[in-house]
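Trainee: Residue strings, one per chain:
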Amino acid sequence: MTFFAKHYHPPGTTPGSLQAHPQRVRQACSLRLVRYDEPTLDVSEHAEFIAPADDGRLTWLHVQGVASGETLARIGDHFGLHPLALEDIHNAGQRPKVEEYDGLLFLILSLPRIQDDTITVDQVSFFLAPGYVLSFCDGPVNPFDPVLKRLQQRAGKLRSRGPDYLLYALLDTVIDQGFPVLESFGLELEDVEEAVVGNAHRATLARIHRVKRELILLRRMLWPQREVLNALTHQEREQIADGTRVFLRDCYDHTIQIMDLLETYRDMSVSLLDIYLSSVSNRLNEIMRVLTMIATVFIPLTFIVGVYGMNFDANNTSPWAMPELYWYYGYPLVWLLMIAIAVGMLVFFRRRRWL
Amino acid sequence: MTFFAKHYHPPGTTPGSLQAHPQRVRQACSLRLVRYDEPTLDVSEHAEFIAPADDGRLTWLHVQGVASGETLARIGDHFGLHPLALEDIHNAGQRPKVEEYDGLLFLILSLPRIQDDTITVDQVSFFLAPGYVLSFCDGPVNPFDPVLKRLQQRAGKLRSRGPDYLLYALLDTVIDQGFPVLESFGLELEDVEEAVVGNAHRATLARIHRVKRELILLRRMLWPQREVLNALTHQEREQIADGTRVFLRDCYDHTIQIMDLLETYRDMSVSLLDIYLSSVSNRLNEIMRVLTMIATVFIPLTFIVGVYGMNFDANNTSPWAMPELYWYYGYPLVWLLMIAIAVGMLVFFRRRRWL
Amino acid sequence: MTFFAKHYHPPGTTPGSLQAHPQRVRQACSLRLVRYDEPTLDVSEHAEFIAPADDGRLTWLHVQGVASGETLARIGDHFGLHPLALEDIHNAGQRPKVEEYDGLLFLILSLPRIQDDTITVDQVSFFLAPGYVLSFCDGPVNPFDPVLKRLQQRAGKLRSRGPDYLLYALLDTVIDQGFPVLESFGLELEDVEEAVVGNAHRATLARIHRVKRELILLRRMLWPQREVLNALTHQEREQIADGTRVFLRDCYDHTIQIMDLLETYRDMSVSLLDIYLSSVSNRLNEIMRVLTMIATVFIPLTFIVGVYGMNFDANNTSPWAMPELYWYYGYPLVWLLMIAIAVGMLVFFRRRRWL
Amino acid sequence: MTFFAKHYHPPGTTPGSLQAHPQRVRQACSLRLVRYDEPTLDVSEHAEFIAPADDGRLTWLHVQGVASGETLARIGDHFGLHPLALEDIHNAGQRPKVEEYDGLLFLILSLPRIQDDTITVDQVSFFLAPGYVLSFCDGPVNPFDPVLKRLQQRAGKLRSRGPDYLLYALLDTVIDQGFPVLESFGLELEDVEEAVVGNAHRATLARIHRVKRELILLRRMLWPQREVLNALTHQEREQIADGTRVFLRDCYDHTIQIMDLLETYRDMSVSLLDIYLSSVSNRLNEIMRVLTMIATVFIPLTFIVGVYGMNFDANNTSPWAMPELYWYYGYPLVWLLMIAIAVGMLVFFRRRRWL
Amino acid sequence: MTFFAKHYHPPGTTPGSLQAHPQRVRQACSLRLVRYDEPTLDVSEHAEFIAPADDGRLTWLHVQGVASGETLARIGDHFGLHPLALEDIHNAGQRPKVEEYDGLLFLILSLPRIQDDTITVDQVSFFLAPGYVLSFCDGPVNPFDPVLKRLQQRAGKLRSRGPDYLLYALLDTVIDQGFPVLESFGLELEDVEEAVVGNAHRATLARIHRVKRELILLRRMLWPQREVLNALTHQEREQIADGTRVFLRDCYDHTIQIMDLLETYRDMSVSLLDIYLSSVSNRLNEIMRVLTMIATVFIPLTFIVGVYGMNFDANNTSPWAMPELYWYYGYPLVWLLMIAIAVGMLVFFRRRRWL
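Protein chains in written order, with this note's numbering: chain A, 101 to 455; chain B, 101 to 455; chain C, 101 to 455; chain D, 101 to 455; chain E, 101 to 455.
What you were told as hints is all true, and nothing was included just to trick you.
Which copy? The list can't say, so a pair holds if one copy fits it or any two copies do.
In the EDC-like style, the derived pairs of lysine to aspartate or glutamate whose C-alpha atoms are separated by at most 16 Å in a straight line are:
no.: 1; residue 1: Lys106; residue 2: Glu283
no.: 2; residue 1: Lys249; residue 2: Asp142
no.: 3; residue 1: Lys106; residue 2: Asp276
no.: 4; residue 1: Lys106; residue 2: Asp353
no.: 5; residue 1: Lys106; residue 2: Asp360
no.: 6; residue 1: Lys249; residue 2: Glu138
no.: 7; residue 1: Lys106; residue 2: Asp222
Since the hints were made in silico from the structure, they are not lab data.
Next up, chain A with everything else stripped away, as it sits in the complex (with noise of 0.2 Å):
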């Protein structure tokens, strides 16, 4: 994820423009359309979406990858879109949010996605509309398959509920890929916790700097959608009818119960980087404290062979020019001296408790 991930157009643009972005990788973009009521269910996969018969049937449209302006214009005029969502649409990397158009609910979600062991964050957005529910993915995998396949096996009660419900499906979805980009987080911040405690590795601090850098990006994505989870839930809506909110309201919940978990990350992230600091500088003050030890407990037992190195004995002509050299048991009783200086010098350190 990059720092800044979000398309726009020039300052001073006329809203509502569809400009293509030059830097955007052109993805094949795919519709495909659903239509279906309690008893029937037809799906048609093509490049070219077809108007929506006034049969009373439900009417699901998805549109899969990046679409080009054209398709979107083209789309918008269709359902009466207004240009403004389109342009949030095509002008992806936006933060979630709900808004009302002239009774239509326009909707935009970040979806979580793990590949290769990195995050993407996609933008999923909604319309929802008496008969009818758009969503658009921009991301290379739909994540709306298993709606399809419920759809399809009718189970639950998808098949025989209105386009709310639908859209509760949807968003449920959406949301609930948080959960296992968070529990790959939480596994991998463990990983780094036992990394830490046990014995901390350069390399381990790059990999808090990653979880961190991606929790914080990652908290900008997903944070607003408790904020339109909660517009959804708690604000009278025509589009929503009573019995879809209760299960609007367990959406809600998981989009807190996501927050939750970043927040805690969030915390244990910054304790795991106190932890790896303390335990490099715990590791490396060890090191250095015995190393300094070794070499003062050596440094006046060089002075002292050092001294008796001097050549004042050279020429033997004074009794003072180190009559030691001259003592019987001079040489043992230097290293006697020696031994006893270094026995001292451990001993003085053990019981400052420096050992």
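With the hints as your guide, set chains B, C, D and E onto chain A.
Mentor: Same frame as chain A, but now just chains B, C, D and E:
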């Protein structure tokens, strides 16, 4: 406690599913049915629950341990519980919350427990409806035995009051479990404090980390209980009589006291880490300072003895070749010089308050 | 002050229990009954309390020290106090709060006290009802002697006003005890500041820690008093006349001033720890830098004298074997070389601003 | 950007004064008057402004650069502007705000601008009244040229809508200038991140500081814009039509996105400083550890060679006088001993994972 | 500024007492009475105040310096001021607040002042009632001279407006005194910043601490002014006309700007401390690294010269006894070996980027 302690179904699963979690340890699950009014009390411990007879007595069903999906579904069918509530009981590790489904009050709380010096949090859930209270606890120990005893001993007003007062008694028991846990935390922190201020060991760091970690995780589990009790106390609810509300207020007060303690402990653990780090670094500094000074005193002395170990005198052809070696008092003078230098340095260090 | 200072009954105990706390030091408990109106005032100090005669005079019962469960129960029966309130008085260490039980106002406050240079917090509780005020203080010293004196000396309007004004006078006395405590804190902090900026000792760290610790604990005990006074001042209550409210507002203002001071002190103590750490590390750095430079200057010199201590000249068979030793000015030249190196290094260090 | 960027009159000056600020650089100030309706558009660039003729056309007066007190007073007189508003335009460096003076809406916003790699913030002010919009920008570059171009090219609905929509177009242009600025910040932060994780230099510290500093200052200037747009969007105002409100909501959304980015960047810059410090200290530790070990290995060896440099053998009169020197294999044995010690120490260090 | 700057009476004192504070420096206190209407203005400087004649003119009484308890009591009696308000004026060091006593508006504000490079805060208090304004300032300098001058010079609308506008003029003067103080802070911070980024000295630490300390204390005194102005502006009050409210809003805006600046400065001072610490540690690291490398290069060389200082050759009886000494090119070879080792180490250090 692990960082990610929540059970969840794969995103896109039908809401209200009760699929088994393969990684979850299967525990024996026992049901206890208590039915009472002022004069009579029946307790039946059995695996199968009995339908509450319409004899006007209050029914309390308690499920201890991890109930299988089938058991939950059966209980749910019998009492008409909402599938989302059952899923929350099944997917343990939920955030404490209060919900209302069709006139039934549904509560999730966290029950902290000290087991073998580590802290675990069990999930406790309640349903409250006219005439009955259901309680679920997924831990190995039944926390509600004291309440049953009070019922049997007719202590207090428990027998003569309605299900809301029974619920209060259960809630109170769950929340008050926080006090012994926090008391043990307080003692541990005071222990750590003594260790830190006295003489900091490496192991102290791991202890501080363990305390911080457990506080962070405990906080995540206990913090929302305040909101739950607040919602229960301050919102008008038909299931809760006014006479019970004053008791719930006391309960709410306890959740605030627990949060206060958790906040204080967190501040304290941060402060202790600071003190630990300063203490360790102070100690190292003292050691290094003393050792470095020993070395620094000997370094010029070693240089001097080195000077008079040079062999310029070997061939005594020049009056400039180390004439000191030929002085009568050369050797004692060198000793005097060296003692003077050492004393001078020590005085200098002492003056500068380095020693 | 200990980290966990609350007394509590085991979880699951009947609410309103007054069981003895074995670990609590039994203190003598004394009751003082004051009954007065404008013209008359009776004070009776005795262990047993007398029922307030129906003579229209205001009754003030003050209980000093730790009252036994029986005493509390007797007082409770006499005045019709709620068992939960009695339990809160019995289980000292409660959070300050205001409660209303059946028209009786119940208040808990914290009374900070400096005793032998350490800070203790006593629990003070009040009941206010038409015609009487009950006060409880579980410390060894009666803080309300000045109020009694004012009553006896007819100072201010105390004698002519109702029980709400008496309650205000008592609250004001409790809250204003915060000022001398915080003043002594302020002086201690300024003392520490001087110590830190001047010359940091190891003992300063322990002082800073003690201040931070006491601030954290004091904050926990005093912070909720603000809410209590706020609730008392800004909510309509029948027990409190409008004329008294303006005085309570002054009292509330004092709790805010105390919180402001506590916050400022906390910021300050954090800042002082930072400065202390920087100061200590600056000082160590200076020492190490100077010592390391002394060593660094001597190291090449010691190498040089080592060179001319080698014995290649012992058998003078080769012109390549240390010819320097045979030069006429060899020895003085080596001295010159060494002085040049030492001076060169010092100049280099000075140039780089290392010295 | 300087820390204190506000212009102000001396305290006690009459409110609404327009005294010159001597320290302010005098810049040329130009006025541009645009008058248009659906079919016609007139632009007049001139130093003197013309009174808006009563022809029902919309008047937009834009003042670019630092207007003198006289110019401001003249414009104020003509349009009936409040002296406090004029003073706020004159005393640049104000906090963004929205005010209403006698039915006129007055707005101050901050316009961030990148110029030669440094960020500057210009003050932009607006007046909105029925029939006219006044705009002031005290920077050197006119940010509203794209809006004029859109007017001239009849792009979007600008020509057919009222002054509130023109105001929206201007506001949108000002706020969207935040995106390129934040994008460049994001790139700089990613650059710094790479530098920090790779190989930290001294210069990196200055870069991190510069980023943090600019973020703090930018945050102060941009944070209040959120409130301004919020007040504009969510309060009922007669000057703003409902159809424009949906566009202002989009604008408000952008201010939130900008605040989110600023917060994320701040968290990130804090994290980067932590990583930088750890990285630098890790690197130093590694160096010191290796160097200290080299020294530690040689210290005992140097002691040993010192031993056999002593002169006890010079007069070979005692069998105790360094007999090792007379052993046949004495010299190679010493070498073996020294190699054994060195290898032993290296093995010991490696075992302890110090190396 | 001291940490605890509040004057207070001993706890339990009768409210409204005006006892002298022995530690308070007695300052001369002067009263100035100004009475004016549109055409006339009288100023009388005297120690005794004159009762305002009932001639419909506006009365402004200003008390400069520390008024004695008697003076305050006399003024209080004359104007019917509440004893609690008088006590707040007497016990200087109060928190800014707004109170209403029987239709009189009472205000306390903080007046920051730079005197000899240190910042002091004076307490300023106001009473507003129909027909008169009382102001008290306990500092040595009268801050309201510019307002008197404006009255005398008939500048602005001061003469023609009511007492609420006079109060606004006084408030505005007090609050705007914050700007020069904060400007000088800003300059000091920029100075410190330059010092920190350039070359950090020990004295810089003390400067950063001084700035942080003063910011913390100033913040405590100025923060509540925002609330005061907010309450004054946004609550309906009979004493304040609607026409004055727009001016008070401007005043309120200034308090927000001051808080913004204080917050920014605080963030900045924290950031500067971080940079200072990193800078100092960077510098030390550089020194230590270079010095340690010098030592490390010489340590093996010193060992080698030690080897050839051994005396195994003294009695040349074994071919194993240091044969190197007898090689023809022994001495130069040793030099070559040592140079090779030194160069090798330097190359190694450079390769690892340690140098």
